[in-house]
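S.K.: What follows is each chain in one-letter form.
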Amino acid sequence: MEKIIFYILAVMMIVFAITAVTSRKMLRSVIYLLFVLCGVAGIFFLIDYNFLAAIQLTVYAGGIIVLIIFSVLLVHHIELKLDMAKPIRQIITAIGCLIGIGVFLTTIYSYPFKVVENSNITTTAQIGSKLLGYGEGGFILPFEVISVVLLAAMIGAIVIAKGKKLSDKNEETI
Amino acid sequence: MDISYIILVPFIPLAVFILLGLFNQKIKPAVSGYIGVLGLLVSSSLSFYAAYQYFFVSGKMDGVYQTFIEKAVWMKFTETLQIDMGILVDPISVMMLVVVSVVSLMVHIYSRGYMKGDDGYTRFFSFLSLFTFSMYGLVLATNLFQIYIFWELVGVSSFLLIGYYYTKPSAVAAAKKAFIVTRFADFGFLVGILIVGFTTGTFDFETLNAVSPEGGSLLLNWASTSFMGLSVITWALILIFMGGAGKSAMLPFHIWLPDAMEGPTPVSALIHAATMVVAGVFLVARLFPMFYFVEDGFALNIVAYVGAISSLFAAIIAITQNDIKRVLAFSTMSQLGYMMLALGVSGYEGHEGLGYMASMFHLFTHAMFKALLFLGAGSVIHAVHSNYLKDMGGLRKYMPITNITFLIASLAIAGVPPFAGFWSKDEILVAAFENNILIYCSSVFVAGLTAFYMFRIYFGIFWSKEKAYDHAPKESPLSMTFPLLFLALLSIVVGFIPFSEFVTSDKIGFEAHLNYPLAAIATTVGLIGIVLAWAFYKKENSLSDKYANAFGALYRWAYDKFYFDEIYLFITKNIIFKWISAPFAKFDRKYVDGTMVGIGNKTVWTSEKIKGLQSGRVQDYAFSFIAGAVVLALVFIYLWTN
Amino acid sequence: MIEGISIYEILTLTTILFFVGVYGFLTRKNLISILISIEMILNASVVNFVVINKYLYPDMLQGVLFSIFIIAVAAAETALAVAIIINLYRQISSVEVKDTEVMKY
Numbered sequence: 000m001e002k003i004i005f006y007i008l009a010v011m012m013i014v015f016a017i018t019a020v021t022s023r024k025m026l027r028s029v030i031y032l033l034f035v036l037c038g039v040a041g042i043f044f045l046i047d048y049n050f051l052a053a054i055q056l057t058v059y060a061g062g063i064i065v066l067i068i069f070s071v072l073l074v075h076h077i078e079l080k081l082d083m084a085k086p087i088r089q090i091i092t093a094i095g096c097l098i099g100i101g102v103f104l105t106t107i108y109s110y111p112f113k114v115v116e117n118s119n120i121t122t123t124a125q126i127g128s129k130l131l132g133y134g135e136g137g138f139i140l141p142f143e144v145i146s147v148v149l150l151a152a153m154i155g156a157i158v159i160a161k162g163k164k165l166s167d168k169n170e171e172t173i
Numbered sequence: 000m001d002i003s004y005i006i007l008v009p010f011i012p013l014a015v016f017i018l019l020g021l022f023n024q025k026i027k028p029a030v031s032g033y034i035g036v037l038g039l040l041v042s043s044s045l046s047f048y049a050a051y052q053y054f055f056v057s058g059k060m061d062g063v064y065q066t067f068i069e070k071a072v073w074m075k076f077t078e079t080l081q082i083d084m085g086i087l088v089d090p091i092s093v094m095m096l097v098v099v100s101v102v103s104l105m106v107h108i109y110s111r112g113y114m115k116g117d118d119g120y121t122r123f124f125s126f127l128s129l130f131t132f133s134m135y136g137l138v139l140a141t142n143l144f145q146i147y148i149f150w151e152l153v154g155v156s157s158f159l160l161i162g163y164y165y166t167k168p169s170a171v172a173a174a175k176k177a178f179i180v181t182r183f184a185d186f187g188f189l190v191g192i193l194i195v196g197f198t199t200g201t202f203d204f205e206t207l208n209a210v211s212p213e214g215g216s217l218l219l220n221w222a223s224t225s226f227m228g229l230s231v232i233t234w235a236l237i238l239i240f241m242g243g244a245g246k247s248a249m250l251p252f253h254i255w256l257p258d259a260m261e262g263p264t265p266v267s268a269l270i271h272a273a274t275m276v277v278a279g280v281f282l283v284a285r286l287f288p289m290f291y292f293v294e295d296g297f298a299l300n301i302v303a304y305v306g307a308i309s310s311l312f313a314a315i316i317a318i319t320q321n322d323i324k325r326v327l328a329f330s331t332m333s334q335l336g337y338m339m340l341a342l343g344v345s346g347y348e349g350h351e352g353l354g355y356m357a358s359m360f361h362l363f364t365h366a367m368f369k370a371l372l373f374l375g376a377g378s379v380i381h382a383v384h385s386n387y388l389k390d391m392g393g394l395r396k397y398m399p400i401t402n403i404t405f406l407i408a409s410l411a412i413a414g415v416p417p418f419a420g421f422w423s424k425d426e427i428l429v430a431a432f433e434n435n436i437l438i439y440c441s442s443v444f445v446a447g448l449t450a451f452y453m454f455r456i457y458f459g460i461f462w463s464k465e466k467a468y469d470h471a472p473k474e475s476p477l478s479m480t481f482p483l484l485f486l487a488l489l490s491i492v493v494g495f496i497p498f499s500e501f502v503t504s505d506k507i508g509f510e511a512h513l514n515y516p517l518a519a520i521a522t523t524v525g526l527i528g529i530v531l532a533w534a535f536y537k538k539e540n541s542l543s544d545k546y547a548n549a550f551g552a553l554y555r556w557a558y559d560k561f562y563f564d565e566i567y568l569f570i571t572k573n574i575i576f577k578w579i580s581a582p583f584a585k586f587d588r589k590y591v592d593g594t595m596v597g598i599g600n601k602t603v604w605t606s607e608k609i610k611g612l613q614s615g616r617v618q619d620y621a622f623s624f625i626a627g628a629v630v631l632a633l634v635f636i637y638l639w640t641n
Numbered sequence: 000m001i002e003g004i005s006i007y008e009i010l011t012l013t014t015i016l017f018f019v020g021v022y023g024f025l026t027r028k029n030l031i032s033i034l035i036s037i038e039m040i041l042n043a044s045v046v047n048f049v050v051i052n053k054y055l056y057p058d059m060l061q062g063v064l065f066s067i068f069i070i071a072v073a074a075a076e077t078a079l080a081v082a083i084i085i086n087l088y089r090q091i092s093s094v095e096v097k098d099t100e101v102m103k104y
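Chains as they are written, first to last, in numbering that gives the first Met the number 0: chain A, 0 to 173; chain B, 0 to 641; chain C, 0 to 104.
Calculated directly from the structure, the hints in this document are not laboratory data. Just so you know, not all the hints are guaranteed correct.
Claimed, not checked - Pairs of lysine-lysine, DSSO-like flavour, derived with a Cα cap of 27 Å:
1. K28/C / K85/A
2. K572/B / K473/B
3. K85/A / K608/B
4. K473/B / K389/B
5. K572/B / K585/B
6. K97/C / K24/A
Looking at chain A on its own, in the form it has when it is part of the complex:
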C-alpha cells in the first residue's frame, strides 16, 4: 500500500516538477511547484515525520508559495507568456542534466548503504527538546542564530522592497 502511494507521489512530483520548469505561464508554474512541495510533504508523512511534513506544508505551501504568487501578481500580467531559452540551449542543458542524473545515480547505486530496519516514530516533543537542548548534541545555538537570520532577512526584505520613498504605495509587498 505504502509502496503504491510512494510511486504515485513520485510520478506526480516528477511530472509537476517538469511542467513547473517548462510552463510558459508564470502563475501556473508556481502552482505546479505547489504540487511538488505537497508531494515532498507526502513523503515526509510516509516516513513518519509528521512534524516535518506539517512544517513543509505551512512554510512552503502556506508561506513561500503565497509570497511568490504575490510577487508574480505585482510584476506580471497573469496571462503573460514567458520567453523560453533557445532550443539549442534547452537541449544542451537537458543533456547536461541527464548526464548529471546518470553520474549521481551510478554513484548512489554503487554505494552500499547500511540501512537499519526500524519503525521508530519521532514525536514533536523529541524534536523540540533536541532543538532547544543546550546539553551535548543540543541545537540551541543554531536555533538562536537562525532566528536572528530570519529577523534580519525580514527587516532587509522590508527595507529593500520599500525603496526610497517612505510614503510609497508599495507597502503591501511583504
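Position chains B and C relative to chain A; hints supplied.
M.R.: Same frame as chain A, but now just chains B and C:
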C-alpha cells in the same frame, strides 16, 4: 680665535630670504626693503668684525695666517671619506666675506631706489638674500662638496634673478641659457670632485691643500694613476677648472654672461660683476696648492692661458658693443681673465706668489669699481630708460654725481694711478712679466683696450651730443647715489691697502713694491687708450665709423661676438640634436616605447576578446559551475572506480 | 521507513527532482522562475537529509533538525529574493534576466 659667530653671517640672509619668500604678499614693499638692508647690515658688520679680528688681532701665529675650521659631519661614506658642513676661515675667505658684504650691502641699498614701484619688489629682495646666503656659504665652505652645493645655489639664485622679469621672453631665454651653460660646466666640476674623492679619499680643502715640509703637495702619493699621459688628479683639476670657467665666464663658456644682463642692473652689479662670477677665480685660489704642485702646475698653465685668451677676446668684443651693460659684461669677463691669468702665472712661496696675491687683490678692487660701474650704468638707465649708447649723450649736466663716480670707476679700471685698479693691475702685470712674456704682452694690450672701451662708453654717455629725451633726465635719489659715492670712495682708497701683507698663497705676508718701469708702461698704454677714446667719442664725429669700416671684417666679427653663439647653436641644433638626439628619440619612441605600448595594446585586445565571458547573466555562471562540477564528479568517479 | 521502498528509489526521486530544478534554473529567463527552480533544488536536498536520517540513523535527529534549518533559511532567502525582484522591477520595469545584465557594471 673664536669663529663660531661667523656662522651667523650666512644664516641671517637665509632667514631674511625665508621671511620675505614666505610672506611675499603680506609684507609691504617698503618694509621688505628695510628688512633686506637691515639683515645684510648685521651680516656685514659681523664679517667686518671677523675680518678685523682675523687680520689684525688673532689670525696670525708666528707670522703665518692660520686656518680656522669649525665643522660637523654631514654624510659619512667610509672611514676616511665623509662630507662635512662647516665654515673655514683663512685669508681669502675673510677677504671674500668683506667683498660680498660691501657689494651686497651697497646693492641692497641701491635696489631700494632702483626697484621702487616694481611689482616684484619683495620677491627681488628675497632672491637677493638667497644669493647673498649662497655666496657666503660658498666662500666659507670647508670642502669640495660643500662648495659645490653652494655653487649650485648661487647658480639658482642667478637664474632666478636673471629671469626676474619673467614676462619678458628674452629674460627667460637668458636665464635658461645662463643656467644651462653653467650647469654644463658644473658637470665637469662634479666629475672632477668625484675623481678627487675617489683617488684621494677626501674632500676637505685642508687635506687637499696640505703642503709637505719639503715643499710639495702631499697629494703626490695619490697622483700616480695616469690617464692619457696626465695624472688623474690633473684631469680632475682641469675638470674642476671647467666648472670655475663656467661660473667665471671664461672661454668657451662665456656666452651666458652678456645675455645675463637681461636681469635688473643691481643684480648685474652684485652677481655678474662682483661676486658670483669671481667664484671661479675663488675656486682656483682655494685649490691653489693643489693646482700648483700636482704635475708641476700643468693645470695651472691651462688656467693661465684660458685667462689670457678670454681677457683679450672679451676686450676686443667690448669695443664694438653698443649696449652699455654688455660692454660692462665683456669688461667683467676680461678682468676675470686677468685674475685667472694672474693665478696661472703665480708661484707658491714668498714673492713667487705675487700672482696669487695680485689676483686676489684685483678681485677685491675689481669688485668695488665694477660694482660701481654697473650701479652707475643702472643709474643712467634708470634716467634714460634705455640700455643703448645711441640713446645717451651729454648726461653730465643732468647727473653730476653719476658722472663723477662713473669717471672715477672708469679711471680705476683703466689703471690710472692712484685709483684702485692701477695697483692691482700693476701687480698682475709684474707677475705676468716675471713668468710669461707672451701673456704679459697680451695683458698690456688688453689694458689699453680696457681704457679705450671704458672711456668710449663714458664719453658716449656723459659727453658727446645731447640726445632728444622724452623728459629731462634727472639725478637719481639718494638711496642710489649713496652707494655710488661710497663705492667711488672705496675705488679710490682700496688700492692703498698693503694687500700682500694679508692675502698670499703661503699665508706669510711679504712686501710688494711698485715696479716703476712696468707701471709706467701700463699707465701709458692706459692713457693712450683714454686719449684715443677722447678723440673718437668726446664730440660726436665720424672718426669711429671710419675706423670701424677700416677694420671691416674684424669689426663685424667682434660685433657679433666672434659668432660663438652661432657656433654653439649650430653644434647643438644641427649636430647633436639632429644626428644624435633625434635618432635616439626615434629609437626610444619606436622600439622602447613601442614595445611597452604594444604590450598594453595586446592586453587591451585580449581583454576585449574575452570580455564576453563576463556576461552578467547569472545562469551562464551557474551553467559553467554545474558543468564544471559534473566534469569533476566524472573524473573522481573514474579515478575511484579504477 | 516505507514498506517495500529502498533508499535507492527515494534518492533516485530526489536526484531527478534536483536536476529538473537545475534544468529550470539554467533555461528560464525570468527571475521568479529561477526562484521557483531554486525552491525545487532546496526541497530535493531537504528530502535527502530526512531520508538518510531515517534509513541509516533512525535513532538520531540531526537530519530532521537540519531540514528545519534549511526550510527556515529558504524562507528567509525567498523573502529577500522577492523584495529584490520587486525593487528591481520598480527600477527597470522588468524581471527578465537579460535586463539585469547591466548590474555587472
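S.K.: K572/B and K473/B: Cα distance at most 27 Å?
M.R.: violated, 46 Å
S.K.: Given the proposed pairing of K473/B with K389/B, does the C-alpha separation stay at or below 27 Å?
M.R.: OK: K473/B and K389/B at ~18 Å, within 27 Å.
S.K.: For the pair supplied as a hint, K97/C and K24/A, confirm whether the alpha-carbon distance does not exceed 27 Å.
M.R.: holds, 19 Å
S.K.: Between K85/A and K608/B, is the straight-line Cα distance small enough, at 27 Å or below?
M.R.: Given pair K85/A, K608/B holds - Cα atoms ~24 Å apart, limit 27 Å.
S.K.: Hint check: K28/C vs K85/A, CA-CA at most 27 Å. Holds or violated?
M.R.: Holds - the C-alpha atoms of K85/A and K28/C are around 10 Å apart, at most 27 Å.
S.K.: Is the straight-line distance between the alpha-carbon of K572/B and that of K585/B 27 Å or less?
M.R.: holds, 16 Å
Figure legend: structure checked against the earlier numbered hints; the only hint not met is number 2.
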